[in-house]
Amino acid sequence: MSSTNTLPQLERLPKHVAIIMDGNNRWAKHRKLPSLAGHKAGVDSVRAILEVALQQGIEVITLFAFSSENWARPAEEVSGLMELFKWALRRETKRLHKYQVRLKVVGNRSGFSTELQQLMLKAEELTANNTKTTLVIAANYGGRQDITQAARQLALKAVNGELNACDITEADIQQHLALQHLPDPDLCIRTSGEQRLSNFLLWQLAYAELVFVDAYWPDFRQQAFYDTLKIFISRQRRFGGREETTHS
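For what it's worth, my numbering labels the leading residue of the sequence shown as 3, then goes sequentially.
Incorrect hints may appear among the rest.
Unchecked claim - Derived DMTMM-like pairs: lysine to aspartate or glutamate, alpha-carbon spacing no greater than 20 Å straight-line:
1) K106 with E85
2) K106 with D221
3) K17 with D229
4) K96 with E127
5) K232 with D221
Just so you know, the hints here were simulated from the structure itself, not pulled from any lab data.
Turn these sequences into a full structure, and let the hints steer you where they fit.
And the structure:
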């Protein structure tokens with residue numbers, strides 16, 4: 003994070019914002035650049051929205067960085083993304099620590115190289131005790147897979163007699179999902195104009211407000227994020243009821 007113009011403090015903010023960072027390839031294509039240039043420019047957008055999150059006091063930001071389906075992309079692009087991930091962790095981890103941001107990576111790490119897994123672990127360990135915004139990176143993550151692995155863990159506990167299958171609650175499932183003790187997202191943003199969840203946090207987004215913006219991710223910076231927060235604030239959250247529910 004860097005010194006940016008202070009934006010007015012907002013009220014009734016979401017505690018947890020989830021973002022599907024979409025449009026990097028199209029951003030690069032429109033500029034006649036290689037696709038990796040779009041992904042690299044997107045790293046600057048991550049820093050930009052973190053600045054706003056820290057300034058406004060948002061507790062959690064979760065970014066969909068690499069889905070479990072993204073392995074189907076061209077091998078050259080996937081390889082470039084892995085190198086970019088390593089580059090970003092090396093460049094940004096100390097900065098995150100300086101600003102008291104806690105980093106958490108969720109998803110199946112076994113698909114990544116040992117080097118990348120070690121960088122993830124080191125970044126998490128360095129920032130583990132930080133108390134401001136938590137930055138969650140969803141990498142090799144899929145919502146269906148998340149629910150499946152939670153069900154598998156609970157089934158195993160039932161077989162081992164650790165719990166009664168008939169007593170399993172939503173809270174039990176929640177505690178076995180990737181985000182575990184973090185609050186569910188209040189707001190989910192997707193950039194690039196696409197309007198779908200793409201297998202992202204399917205359980206956790208049950209009551210989230212969804213905002214789809216036209217800007218490609220590399221163009222989604224401080225003011226755009228701030229404006230999206232204002233859209234969230236303007237909405238009435240009913241959680242299935244008819245009366246307005248006060249956002250806490």
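Structure-based check of each hint:
no.: 1; hint: K106 with E85; in the structure: 19 Å, holds
no.: 2; hint: K106 with D221; in the structure: 25 Å, violated
no.: 3; hint: K17 with D229; in the structure: 16 Å, holds
no.: 4; hint: K96 with E127; in the structure: 12 Å, holds
no.: 5; hint: K232 with D221; in the structure: 18 Å, holds
Against the hints set out earlier in the document, a violation occurs for number 2 only.
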